[in-house]
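Please build the complete structure, drawing on both the sequences and the hints.
Chains as they are written, first to last, in our numbering: chain S, 297 to 620; chain A, 134 to 456.
Since the hints were derived computationally from the structure, they do not count as laboratory data. Here the structure is a predicted model, which means the values were calculated and not measured. A few of these clues could be false.
Unchecked claim - Partner residues are not named here, just some residues of chain A that face chain S (Cβ under 7 Å, in silico):
{"#": "1", "residue": "Gln168"}
{"#": "2", "residue": "Thr169"}
{"#": "3", "residue": "Pro171"}
{"#": "4", "residue": "Gln174"}
{"#": "5", "residue": "Lys292"}
{"#": "6", "residue": "Ala318"}
{"#": "7", "residue": "Gln325"}
{"#": "8", "residue": "Gln331"}
{"#": "9", "residue": "Asn335"}
{"#": "10", "residue": "Ser339"}
{"#": "11", "residue": "Glu359"}
{"#": "12", "residue": "Gly363"}
{"#": "13", "residue": "Glu378"}
Stated by the list, open to error - Listed below are several chain S residues computed to face chain A (Cβ distance under 8 Å; list not exhaustive):
{"#": "14", "residue": "Ser334"}
{"#": "15", "residue": "His342"}
{"#": "16", "residue": "Ala344"}
{"#": "17", "residue": "Thr394"}
{"#": "18", "residue": "Thr398"}
{"#": "19", "residue": "Gly439"}
{"#": "20", "residue": "Gly448"}
{"#": "21", "residue": "Ile545"}
{"#": "22", "residue": "Ala595"}
Idealized CB from N, CA, C, for every residue including glycine.
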Amino acid sequence: MTDVTKPALASPRAFVSEDVIQVFYRLLAALVICVVLSLLSGSFLHLANILNVLRQASLMFFIASGLTLVVLTAGLDLSVGANVAISACLAGTVIHQTGSPTLGVLTGLVAGGVIGLLNGVMVTALRIPSFIATYGMLWVLNGLTYWYMAGGIVHGFPPGFRQIGSGYLFGLPTPVYLLGAFLAIGTIFAQRTVWGQQIYAIGANPVAARLSGIPVTRRLIMVYVVSGIMAGLASIIFLARLNSAEADIGESLTLPAIAAVLIGGTSLFGGVGTMFGTFVGALILTLVLNGMNLLQVNANWQPLVTGVIVVLAVWLDMKMRRRT
Amino acid sequence: MRRSIYTALTLLASGAMATTAYADGETIAVFTKNQTNPFFQAVRVGADNAAKTLNAKTLHYIPTKPDSIPEQLSQIEDVVVKKPDAIVFTPVDYKAMVPGVEKINGANIPVVNITDRSAGGKFVSFVGADDYSLGLETARFLLKKLGGKGNIVIIEGVKGSLTNVDRVRGFNDALKENPGAKLIASQPGNYQRLQALQVMENLIQSNPQIDGVLAANDAMAMGAIEALDGANVKAQVIGINGTKEAVDAIKSGKLLASGDYNGFLQGCVGTTIAIRTLRKQPVVSEIVLKPTVVTKDNYQPYDSSVESRSCPTWDEALKLGGK
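Spelled out as structure tokens, the structure:
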């Protein structure tokens with residue numbers, strides 16, 4: 297029995313060397329983009345723009361960080377965007393009706409968590425493949441949000457609440473602090489706790505993980521709940537940054553978040569990847585958009601440029617890794 | 134086009150001959166693009182309002198996946214079997230839905246085209262707003278406010294969508310009339326407020342002086358305003374659609390103006406024409422609403438929910454831009 301579990305548990309343990317090298321190359325890709333952009337645009341390398349990029353990357357990172365844990369277990373959560381939309385609409389309505397931002401924040405987080413729990417139950421107890429379960433959830437949530445909002449927009453929130461998304465603390469935007477905090481928590485959780493290591497083990501070999509006594513079902517449910525709560529957090533940041541929400545805000549969030557996870561080096565087959573890699577993935581995607589805006593790339597060409605750079609970044613990374 | 138005028142003429146002729154004895158309670162199937170855009174919600178409320186006033190019923194067909202071509206096609210197949218008395222139709226795509234319209238024509242159900250003009254098929258008439266002149270007039274209003282000069286940013290909607298192409302063309306033509314104004318960037322926001330916010334945040338980095346922002350819809354205008362506020366840049370912003378959120382922002386002075394795309398009126402008039410056709414009353418081949426720019430001076434009529442508004446009478450509707 298121990299023979300079976302050893303490789304599963306051993307590979308994440310060795311992350312210090314292998315994963316750090318992986319992340320290093322991805323960081324290098326991000327740096328190459330930065331160097332190119334700073335040569336092309338004089339305003340790129342300003343502190344204000346760097347903070348601007350970090351603030352923009354934070355929303356995507358919140359969604360992608362929870363998703364990273366799901367992907368580490370070889371699962372997928374396609375409902376994150378729809379989750380952000382419904383959580384934002386619910387939280388916004390609660391703030392409007394009660395006047396309490398605290399209740400609103402709680403609503404957003406709880407709504408996100410409950411949706412994650414339902415995903416987790418579908419994947420474990422009902423044994424529905426995560427792709428299908430969360431895809432179904434995406435539609436259910438869209439339907440509920442459309443019905444609930446009826447084409448309306450919830451907008452206008454108290455200034456105190458808006459500080460979470462658009463405020464500054466000692467010269468740094470608030471979301472950047474949250475980004476740093478969740479990056480640290482996520483990294484420590486995934487790499488330095490037993491639960492985190494169990495998640496890697498489940499992704500690497502679920503059968504071995506179960507046989508070695510890891511409570512697979514509970515861990516899987518936890519992973520989906522965390523993904524849901526992070527979507528809930530993203531919904532709060534969204535509300536606070538944009539001062540409003542409507543039913544269709546989520547659609548453009550899911551695929552970039554999945555892309556950030558994959559560009560960050562997390563394998564769709566599970567067991568391999570890091571939180572910091574996902575952060576770099578979100579950073580690369582944000583940098584590309586920032587650069588195209590600064591350089592005023594024609595709107596027609598922007599999707600094409602994004603696609604080419606994403607594919608190039610991953611290809612270069614894979615090539616370099618094979619060489620080492 | 135000629136065909137629909139011909140239809141209208143025959144209807145006019147038959148209308149003159151018919152007596153006023155018509156049956157109430159017709160069913161009008163109303164096709165809209167999605168459940169998410171407040172604009173189409175306003176269309177549906179307008180359609181319901183007109184139907185209620187005229188003692189008819191509406192049946193709404195909305196793709197569950199926003200703007201889904203296959204879904205609207207299958208809804209058309211469904212409706213051809215169910216045979217409502219008439220159809221009020223917004224194509225999710227003005228070209229791709231032509232075969233769908235031909236199916237409706239084949240089933241001999243009278244159909245009124247609203248919002249986006251279909252590239253083909255036979256319609257009783259067309260009711261819509263003119264995106265080009267809305268873009269032009271709203272941009273003109275902003276440029277006049279700026280004295281015809283300044284650094285201008287355009288935030289575009291979804292690439293390739295009919296509304297976006299025409300609105301942006303209107304913006305650009307207004308800029309051409311004001312050689313003192315300089316277009317410093319034209320970037321995509323895909324009609325999404327988050328994307329518009331980020332585009333604006335990025336543009337502020339490279340252009341400290343921005344005087345005016347022309348956004349192709351209200352959600353993007355509101356996103357741009359958040360970015361400008363965050364960076365303490367004072368610029369005038371306009372949007373298009375005349376949503377309740379935009380009207381609130383105009384009232385508080387955050388938004389300069391919004392071009393009124395008036396979905397409510399389009400729903401009202403389209404449905405009224407469908408019902409009048411069934412009752413053999415005269416209709417017109419086309420009503421293109423004249424562009425109205427909602428500003429601080431005229432926002433009052435828009436400062437109410439669409440549910441509390443009432444449809445115009447037929448004579449009033451004709452004055453809105455009938456041909």
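List, from low to high, the hint numbers that the structure doesn't satisfy. The structure conflicts with hints 14, 17, 18, although it agrees with all the remaining ones.
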